[in-house]
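On the provided structure of chain Y, position chain H as indicated by the hints.
Sequences listed follow chains Y and H, in order. Going by numbering that gives the first Met the number 0, the first residue of the first sequence is number 0, and it counts up by one from there. Going by numbering that gives the first Met the number 0, the first residue of the second sequence is number 0, and it counts up by one from there.
Keep in mind that the hints were calculated from the coordinates and are not lab data. Owing to the predicted nature of the structure, the values given are computational and were not obtained by experimental measurement. Note that CB positions come from ideal geometry on N, CA and C, so glycine has one too. Check the hints yourself; a few may be wrong.
Chain Y is nowhere near these chain H residues, computed Cβ spacing over 10 Å in every case [as the list claims (entries may be wrong)]:
1) S9
2) Q27
3) P42
4) A65
5) N68
6) Y90
Here are the simulated distance ranges between beta carbons [said to hold, decoys possible]:
7) A107(H) x V266(Y): 25 to 33 Å
8) L34(Y) x S59(H): 28 to 36 Å
9) L89(H) x L321(Y): 42 to 50 Å
Derived, one-sided and incomplete: chain Y residues facing chain H with beta-carbon distance under 7 Å [what the hints assert, rightly or not]:
10) V21
11) W60
12) S327
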Amino acid sequence: MLAAGPGFVHPVAAQLPAPPVVGPGLFQLGGWGDLTVGRAWQPDGTRKLQATDLAAALMAWGQLGARASYFVELDVAKRTAETWTGLEANQRFAPVRMYLEYTFSDLFRVRAGRFLTPIGQWNEAFAAPLTWTPTRPLATFRPFAKSLTGLLLAGSGDLHGHGAGYALFWAPQGDYGHDYDDPQESSFKHAVGGRAAVELLPGVTVGVSAARLQRSRPYTGEGPEYGEDYGGTVPDTLLNPPLRNEDATPRTLLGFDFKWAGTRVRVQSGGTWLLQTATEPYEGGAFVVTAVRITGPVWGVGEVERYQPVGGGSADLGYLGLTARPGSHFVIKVGRELTDRTSPRIPDGWFLSLSCIF
Amino acid sequence: MICVVAKLRSDPPAPDLEMVRRVFQLRQRFWPDGTPTRPVNLPAASPVRERFTEEVFGESVEDMAAYWNERYFHGTRPPPSMGSQHAVLLYVARTNGGVGYVQADTAAALPEGVKKLICVGGETD
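Extracted from the complex, chain H is given alone in its bound form:
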């Protein structure tokens, strides 16, 4: 299972997979409280990212390239990548509006101020 975690100024919004899609596609740029969304990825070769992409978007990381190619022509690049799940947690903990995804066991102990938004998929391998 993979959990989406975020640092927000207000209570986290109701679990909404569609919102997670929009945030990670950079189509939703603000949380409901007005804070800019600042999503981060794991590296393209990361099994956790592959699984997150398939669970959330129903596509492989490679197939997502078509979407990012279109958005590139409008000045949008994919969210930056962090080197590890711990780096994701560190970034999110230090960034208002930061949002990332980690495996459920990594999300079991979250830094202060970081909250789970939603978990997707079944048990991890």
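One chain only, chain Y, in its complex shape:
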């Protein structure tokens, strides 16, 4: 027996890849919701105060004995181009996660089905109640698909006294189909990749991601959100459809992520790049989000990001705002997005977000 001293670990830093289900019982039900209001771009080039994100997710999970488990998340949302999923007047119902998992040991778990792509730390903590800002950094979703369908091998353990984890995925097919795809993301096929992360110091987690993939389908769509000019505003080259076509050329995706969780200061950073090929230019960017506790549950939040869209000039984005977490179930975010581009696809202006966990 040993009498140990106080610990100094910050548990919120423990964001290792693909956390397992450890839920009591066969069936658990939960979910989350979000309402974000902002001045959304209209097809005639004007802007109007409206809900830019109205989303709800239903989650179900359970353990089948000590080693097997399942998880299902179904999202329904109506979103505009200003929000991170970015579809004008989009209304869709999507299975974000739907998998079975078997745990051989803490070091080896196998997940089969549809799962969150383990690229960076943000994509696996994407739900609005978990994020610091009302809109998501572009680098956390634009260069890759939010979910993949295939197999995932993951584990965590101790690496020379540091907590560490990994996730490796193989996704032979693309997403389910156009109804479920998010056209602002890059859908994959023949994708192989993963992420590894380690808690270097108490409260400090760093991770790296990499993948080889092919685009799974042409980037097509209807309406002004797919590259048409918004009635006299600056034409947006952020998502240039001809450059994001289906392409059999294997592409390489690289990423890094960093998280420091102090008692009064939290910093998240990451970068993701889809490297250039003979047929497509590179796309990607990096961001830093800093949150400083002002008082009690109220945090001041700032973000900077530089993003290089496919085929267009780079965009510099910034955010300043407040985030309050009064209790465990509610999150309130209010802040202003600042950008050097006037674009329907880059968030700009004031946003107010109310989200909840149930």
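Okay, now just chain H, sitting in the frame of chain Y:
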């Protein structure tokens, strides 16, 4: 002083505070002998739980909510709570892989098969 007690099929592992953290954060789901870990808490308002949380995690029970909120989105809830330290001992004694924490004086007389893993903090108030 608060002691972590467990019922294991094999000899208890070497005292390891980091392992205790992982077990109570549900990041380590198996003991070294392969038995599933089955941690239990005391109620959130329990002074013993508050002290255990501060000694082991360096956080208050309230601050731990951020961690459990993240894990909730992956299908993980905090370990269940027992109503008293004696209930913790009873649960651990009846559960292979069970693990809990009690004050040192309560841990002075442990049920058969339950062993101390590690003790944290100074003297209790």
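Results of checking the hints against the structure:
1. S9: Consistent with the label, S9(H) stays out of reach of chain Y, its closest Cβ about 15 Å off (over 10 Å).
2. Q27: The assertion about Q27(H) is violated, with a minimum of 6 Å to chain Y.
3. P42: holds, 16 Å
4. A65: Per Cβ check, A65(H) is inside 10 Å of chain Y; nearest 4 Å; violated.
5. N68: violated, 6 Å
6. Y90: The assertion about Y90(H) holds, with a minimum of 13 Å to chain Y.
7. A107(H) x V266(Y): 25 to 33 Å: Violated - the Cβ-Cβ distance for A107(H) and V266(Y), about 45 Å, lies outside 25 to 33 Å.
8. L34(Y) x S59(H): 28 to 36 Å: holds, 30 Å
9. L89(H) x L321(Y): 42 to 50 Å: With Cβ atoms ~47 Å apart, the hint holds.
10. V21: Check passed: Cβ of V21(Y) comes within 4 Å of chain H, closer than 7 Å.
11. W60: Check passed: Cβ of W60(Y) comes within 4 Å of chain H, closer than 7 Å.
12. S327: Holds: closest Cβ of chain H sits about 5 Å from S327(Y), inside 7 Å.
Of the numbered hints stated above, those contradicted by the structure are hints 2, 4, 5 and 7, listed in ascending order.
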